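Novice: From first to last, the protein sequence lines are chains A and B.
So the first sequence is numbered by the working numbering: it starts at 1 and just counts up by one.
So the second sequence is numbered by the working numbering: it starts at 1 and just counts up by one.
Hints are computed from structural coordinates only; laboratory data are not their basis.
You can take every hint at face value.
Derived DEER-like restraints, expressed as beta-carbon distance ranges:
#1 A:Phe-54 - B:Arg-22: 33 to 41 Å
#2 B:Asn-18 - A:Gly-62: 41 to 49 Å
#3 A:Gln-83 - B:Pro-8: 28 to 36 Å
#4 B:Arg-22 - A:Gly-62: 29 to 37 Å
#5 A:Thr-78 - B:Gln-80: 40 to 48 Å
#6 A:Asn-58 - B:Thr-76: 38 to 46 Å
#7 B:Arg-64 - A:Asn-114: 40 to 48 Å
All of these numbers come straight from a predicted model, not from anything done at the bench.
Beta carbons are placed, not taken as given, at the ideal position from N, Cα and C, and that holds for glycine.
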Amino acid sequence: AQKVTQAQTEISVVEKEDVTLDCVYETRDTTYYLFWYKQPPSGELVFLIRRNSFDEQNEISGRYSWNFQKSTSSFNFTITASQVVDSAVYFCALSADGNNRKLIWGLGTSLAVNP
Amino acid sequence: DTGVSQDPRHKITKRGQNVTFRCDPISEHNRLYWYRQTLGQGPEFLTYFQNEAQLEKSRLLSDRFSAERPKGSFSTLEIQRTEQGDSAMYLCASSLAGVGGANVLTFGAGSRLTVL
Numbered sequence: 001a002q003k004v005t006q007a008q009t010e011i012s013v014v015e016k017e018d019v020t021l022d023c024v025y026e027t028r029d030t031t032y033y034l035f036w037y038k039q040p041p042s043g044e045l046v047f048l049i050r051r052n053s054f055d056e057q058n059e060i061s062g063r064y065s066w067n068f069q070k071s072t073s074s075f076n077f078t079i080t081a082s083q084v085v086d087s088a089v090y091f092c093a094l095s096a097d098g099n100n101r102k103l104i105w106g107l108g109t110s111l112a113v114n115p
Numbered sequence: 001d002t003g004v005s006q007d008p009r010h011k012i013t014k015r016g017q018n019v020t021f022r023c024d025p026i027s028e029h030n031r032l033y034w035y036r037q038t039l040g041q042g043p044e045f046l047t048y049f050q051n052e053a054q055l056e057k058s059r060l061l062s063d064r065f066s067a068e069r070p071k072g073s074f075s076t077l078e079i080q081r082t083e084q085g086d087s088a089m090y091l092c093a094s095s096l097a098g099v100g101g102a103n104v105l106t107f108g109a110g111s112r113l114t115v116l
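Required output: the full structure, derived from the provided sequences and hints.
Specialist: Given below as structure tokens:
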């Protein structure tokens with residue numbers, strides 16, 4: 001069975017704090033892809049990152065960084081020096097069918113960054 | 001190209017009425033997906049098209065739901081005899097199929113349906 005678990009339902013931080021959003025996945029496939037999407041209050045899901053199972057290099061993009069660890073089946077997302085504009089629901093998703101016919105989504109983590 | 005467009009953004013209807021949503025994908029994208037999202041949940045896959053062919057439908061998609069993508073461009077999602085349980089956000093996404101594995105989805109802003 002394939003599954004994505006985002007154990008943190010809601011997180012609240014004060015601006016400029018660092019925050020890590022956890023994502024744990026389950027799949028028996030050896031080839032798979034992991035994604036993070038952001039859903040701000042406007043509702044539109046915005047792509048953040050895609051990572052394939054053969055690339056365990058961590059990635060940094062500005063204040064965003066991702067830590068992929070196959071040994072623990074985790075793909076965690078860290079926002080450094082958070083800002084109010086980071087307030088959104090963040091979804092982790094898994095694609096294990098190779099063609100991305102459908103994604104398996106976590107339930108999302110709602111992040112509130114307070115001034 | 002301004003991205004994926006969905007219309008209407010909001011629809012309020014009475015139970016038993018039919019509703020139709022439209023999605024205009026990014027023009028060069030050949031794949032189009034419909035998802036449904038309820039509060040506090042991630043998107044649930046409904047169906048997807050490659051060009052004009054509907055390649056997969058979720059078991060969530062009852063007989064009251066039908067989707068089309070004539071000519072492989074825009075798509076419509078129709079819900080007949082709406083029920084209160086159909087109230088949700090209906091999301092459309094498009095992507096470009098190609099080599100290299102799972103492609104990235106570009107989502108529209110969604111169409112929110114409220115069934116009274």
